[in-house]
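K.L.:
Residue-level listing of the chains:
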Amino acid sequence: MASTPRVVVVGGGSTGVGVTRDLAMRGLDVVLVEQGNLTHGTTGRMHGLLHSGGRYAVSDQKSARECIEENRVLRDIAAHCVEMTGGLFVKRPEDTEEYFEQKLRGCEECGIPAEVLSGREAREREPHLATDVEKAIAVPDGAVDPFRLVVANAGSAMEHGARIETHAKVRDLIVEDGEVVGVDVEHGAKPGERVHGVQSGREEIRADHVVNATGAWAGRIGDMAGLDVEVRPSKGVMTIMNVRQVDTVINRCRPKGDADIVVPHETTAILGTTDEEVEDPENYPEEQWEVDQMIDTLSELVPILSEARSIRSFWGVRPLYEPPETGTADPTDITRDYFLLDHEDRDGVPGMTSIVGGKFTTYRMMGEEIADHVCAIFGIDADCRTAEVPLPGSEDFQVLRDYMDEFGLRSPIGRRSVERLGSRAEEVLGTDAPNPVVCDCEGVTRAEMRDAIDQAGSDLNASRIRTRASMGNCQGGFCCHRMANELHPQYGEPVVRDSWDDLLQERWKGQRHALWGEQLSQAMLNYALQATTQNRDSDPANRDGSIAFDAFDGGPEAGAMADGGPTEASDGD
Amino acid sequence: MSDADRTDETTFDAGESGPDEAFEPVQVFPEAEEMDLRPGADSCYKCSTCDTNCPVAEVDDEFPGPKFQGPEQWRLKQTDEDYDVDDSVMKCSNCMRCDSSCPSDVPLSQMHNTARGEYVREQQSKTSVEYWRNRLLANYRTSAWLASYVPRLANAAMNFGPARWVMEKAMGVTSEREFPSFATETFREWWASRGGAEASRERARRARIERGLVAAADGGDGGDSRDGAADGDDGTDRKIAYFHGCYANYNTPEVGKALVRVFEQFGYEVVVPEQGCSGTPMFANGMLDDARRHAETNVPSLSALVEEGYDAVCSCTSCSMALRQEYPELFDYDGVDDVASNTYEAVEYLRINEDLSGALSGVEVEYPDLSYHAPCHARNQGLHRQAVELFRDLEGVTVTDVGDSCSGISGTYGWKADRYDVSMAIGEEMFEHMEAAEGTTGLTECPTCAMQMEHGTGYEIRHPLQVLEAALVDA
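As given, the protein sequences belong to chains A and B, one line each in that order. No gaps in the numbering here: position 486 of the first sequence is 486 in our numbering, and each next residue is one more. No gaps in the numbering here: position 451 of the second sequence is 451 in our numbering, and each next residue is one more.
If you are wondering where the hints come from, they were derived from the structure by calculation, not from laboratory data. Some hints here could point you the wrong way.
[Said to hold, decoys possible] What follows is a list of derived Cβ distance ranges for each label pair:
| hint | chain 1 | residue 1 | chain 2 | residue 2 | range |
| --- | --- | --- | --- | --- | --- |
| 1 | B | Trp-132 | A | Ala-541 | 57 to 63 Å |
| 2 | B | Tyr-131 | A | Tyr-284 | 57 to 63 Å |
| 3 | A | Leu-515 | B | Thr-440 | 55 to 61 Å |
| 4 | A | Phe-549 | B | Asp-369 | 33 to 39 Å |
| 5 | B | Asp-393 | A | Ala-531 | 56 to 62 Å |
| 6 | B | Asp-36 | A | Asp-539 | 38 to 44 Å |
| 7 | A | Gly-555 | B | Asp-369 | 42 to 48 Å |
| 8 | A | Leu-515 | B | Asp-36 | 24 to 30 Å |
| 9 | B | Pro-103 | A | Phe-552 | 31 to 37 Å |
| 10 | A | Asp-539 | B | Pro-39 | 33 to 39 Å |
| 11 | A | Gln-102 | B | Pro-39 | 18 to 24 Å |
| 12 | B | Gly-309 | A | Met-524 | 45 to 51 Å |
[What the hints assert, rightly or not] In silico negatives: residues of chain A with every beta carbon more than 12 Å from chain B:
| hint | residue |
| --- | --- |
| 13 | Arg-6 |
| 14 | Glu-83 |
| 15 | Glu-109 |
| 16 | Arg-171 |
| 17 | Arg-244 |
| 18 | Thr-326 |
| 19 | Ala-329 |
| 20 | Thr-332 |
| 21 | Glu-442 |
| 22 | Tyr-491 |
| 23 | Trp-508 |
| 24 | Arg-536 |
Every residue gets a Cβ at the ideal spot worked out from N, C-alpha and C, and that includes glycine.
Please put together the full structure from these sequences, using the hints given.
P.N.:
In structure tokens, the structure reads:
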């Protein structure tokens, strides 16, 4: 080939950024297009588990082996996104001994370090475990922040010359002579960072190869070229607790079932999940009973969950895939393995590859396999380096000891900031300017917020996922307006207003399924604040037409005011 | 009951064992700091009412306020034991106003106490001046105990100019304040010389006869008056254990004496059990081990009496606060809940159990007009209006409430050279209101509020029990 091959990757989730980073590091010219924010799809709607592989050690040993391998890689290259909490598979009296033994054996067979704990030992580690938990298997599960990981991958890809376009929806695939030669995208804003209200049109991006990494949406992209990609989207609910009831990942040790995992995640704990096939990955019912049932079931493992505050719930769709004719009835039985579909081999349509199935923990491995495949097509001989080169933020990341003195921040705020920013902490927080806290719940300062805005443009939801601002227990009640304020003066009033609206809508969305107890009080307070102090219930500025200021009177006379007002005048003596 | 003898004092020795080796506390949580505070973090919906009620935050812009110190910091640092507690927690004065202001029942002061305890244990240098200054102030009882052997010498020495200069420079104890003087006879010495519990039982018995609660022949000698008790109150269940705390013992025995006389007047038998410091100054300085050691004396001593039917009564509102709220929040001993639910402030106790207003009606007292300041800890127990309500109709004295501000001293807080200015800035409102009120004598239940009132205005300060004594007890 005369010039560097250009590859368009569709999908800004973990798989998409993984393959984009890999190809860019191998020297290819890569463009990633994503219809929403990074992590807009399934990646942003997962429970944040860094699998040890233990969950698949009985049913799917290939996946289990991949998980433990990638678990080790990510601890290394993405240290600032990962918290090695450890995990437990706990056995209740009604769970079978036989399965417990199978799980233990499975872990050994897959090379997953596993240790049996008595019920008492397990409760020593996690005091809130139910008293009738009989025993447990300890495995190296961890927690991973999917947002931070994806943003870091995208950042690394950009450093290697990739172009990342968010809010760029693929309208069509360009197919010429039976070959996919590019994508037709519609930009929600001008190319580059998102700026609200900036109109931008369609763009045809020609490509030597297109990678369809759209997960649950892969079927839709396939349809555009008349290809049949049989993704079976399956929804699952997750509920976020206000605080961590456990500091270790708690899995139920039984073959399969809903509501069997609690993952400590940053300041919160995430409960998961259910598994139910849906038709449309964007339009499916989110029902309260799913949340209620999950909390009830998980309370069997961690009883205080039934009385603890939950701050929101969300649903994600798994991009499950199985080869045609497999015909598995129950979605929980569909393999979690991933499949690379070379449409030239499979359908006789060259120019595009789809990647389907798989899971977050193995995103890098999937990226490597696609990158190998794409390089093979172009005869490029370049080694994959994504398993060795740390992501931005994880280079030489050592926990700094004295953040407070270093950055003038209060101790837990400095510490949190540094954990989020990793090796970028000094660059971001080392400011001489005033650096107040913007989000109190998560300890996010102005400097970190401004850094996120530099990366994400006017899209406050994109800054939110970078910083966790507005993701704590008030769910943005006390900080959305402060976050919006940070957009000014870089962005004008209409842009700020639109972005603020987007953020508020997104924050309220997830709270709909947590409106009882403390979070109901919180929501009522938030509503009152946003309505009465910020006009968010009915902002005159959003109304059509101008305000009839003439209708207001001129106010009290200046002279009357100077006399001290009518009340005092009347009872003066 | 060990009555009047001086009890063995614990010293500054950081050793773990309490004065009573036989007592083995049941500790579910090995350290108080490990108590589960998740419900507190869950209950906070960030409304900031606590911050707007915090007297320290009002005058000190560097202080982040109770919301941060409590639920916010707890939630941010919960993930990892390596997390440090922010040093600003030492600027909290432990006035506990945040507790009563919270609309959502967040246990703010418990969260502050545990965070402060953790800060002192894990982060504060044990060789720093600040640590030893705080330790010295928090263990006021020990200094007072030593001084009580040589009260006149101590009074002279403690307010000796050059000595105070050295204390400020070397220890960070402000030289602006005058040390309270030590009584030449402690309350316990007086109590012993008066005949202790035996004499009190006899006085109470006579008072009951005088009040017609029991026939003279029947005696009502406490133990076995079963036949006489058939128709209800013969007064033999009138018995209280007086927790005098340190200040009424060493500095203002007149308050303790007033309590004894007033209660005996109502036919109450008083005992003065073995006791240490309530722990209030220790909580406020994060010295939880010291507080625990004293609690290991107080809880068994008082719970044994509670089992015998005594109620614990305090003359200091911070002592009653500690026994009622902080003990059960921070310690998990046998009997701690029984003690907490049977502890009262003295005037509160009489208002609940006796017709105190009735007793005062028609009485005329010769007393100076009073400017009353309600201590924050009285406020937390719902007692901030009782003195004003009680004395409203008492002839001969006018009591003016000087408002709901904090006095600013908060025990040991205002004694620290680096917090003195903040303490006085907080107290400014109270001083102004006292100046504006008619009376030039102060009234309050709290000994350190009294110090601040005196320091800011030069007024002499009395305790409500002293007013009751003047009104009800025959000279």
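K.L.:
Determine for every hint whether it applies to the structure shown.
P.N.:
Structure-based check of all given hints:
Hint check: B:Trp-132 to A:Ala-541, Cβ distance near 60 Å, so the stated range 57 to 63 Å holds. Checked against the hint of 57 to 63 Å, the pair B:Tyr-131 and A:Tyr-284 passes, with Cβ atoms roughly 60 Å apart. The hint said 55 to 61 Å for the Cβ distance between A:Leu-515 and B:Thr-440, and at roughly 57 Å that hint holds. Remark: the range hint 33 to 39 Å for A:Phe-549 to B:Asp-369 is contradicted by a beta-carbon distance near 56 Å.
Our hint of 56 to 62 Å for B:Asp-393 and A:Ala-531 is violated, since their Cβ atoms are close to 48 Å apart. Checking the proposed 38 to 44 Å range against B:Asp-36 and A:Asp-539 shows it holds: the Cβ atoms sit about 43 Å from each other. Distance hint check for A:Gly-555 and B:Asp-369: the Cβ-Cβ separation is about 45 Å, which falls inside the suggested range of 42 to 48 Å. Look at A:Leu-515 against B:Asp-36: about 26 Å separates their beta carbons, and that is inside 24 to 30 Å.
Look at B:Pro-103 against A:Phe-552: about 35 Å separates their beta carbons, and that is inside 31 to 37 Å. In this structure the hint that A:Asp-539 and B:Pro-39 lie 33 to 39 Å apart at CB holds, the actual value being about 37 Å. Range check, A:Gln-102 to B:Pro-39: about 38 Å between beta-carbon atoms, so the 18 to 24 Å window is missed. Look at B:Gly-309 against A:Met-524: about 47 Å separates their beta carbons, and that is inside 45 to 51 Å.
Once the 12 Å rule is applied to beta carbons, A:Arg-6 is consistent with being away from chain B; the minimum gap is 43 Å. With a least CB separation of 7 Å from chain B, A:Glu-83 falls inside the 12 Å interface cut-off, contrary to its annotation. The Cβ of A:Glu-109 sits about 33 Å from the closest Cβ of chain B, beyond the 12 Å cut-off, so the non-interface label holds. Once the 12 Å rule is applied to beta carbons, A:Arg-171 is consistent with being away from chain B; the minimum gap is 43 Å.
Once the 12 Å rule is applied to beta carbons, A:Arg-244 is inconsistent with being away from chain B; the minimum gap is 6 Å. No beta-carbon of chain B is positioned within 12 Å of the beta-carbon of A:Thr-326; the least distance is around 42 Å. Against the 12 Å criterion, A:Ala-329 stays outside the reach of chain B, whose nearest CB is about 41 Å from its own CB. Residue placement check: A:Thr-332 keeps its beta carbon more than 12 Å from all beta carbons of chain B (closest about 31 Å).
With a least CB separation of 8 Å from chain B, A:Glu-442 falls inside the 12 Å interface cut-off, contrary to its annotation. Listed as outside the interface, A:Tyr-491 is consistent with that label: its C-beta sits roughly 27 Å from the nearest C-beta of chain B, beyond the 12 Å cut-off. With a cut of 12 Å on Cβ distances, A:Trp-508 stays outside the contact zone with chain B, its closest approach being about 15 Å. The non-interface label for A:Arg-536 is consistent with chain B: the shortest C-beta to C-beta separation is roughly 17 Å, beyond 12 Å.
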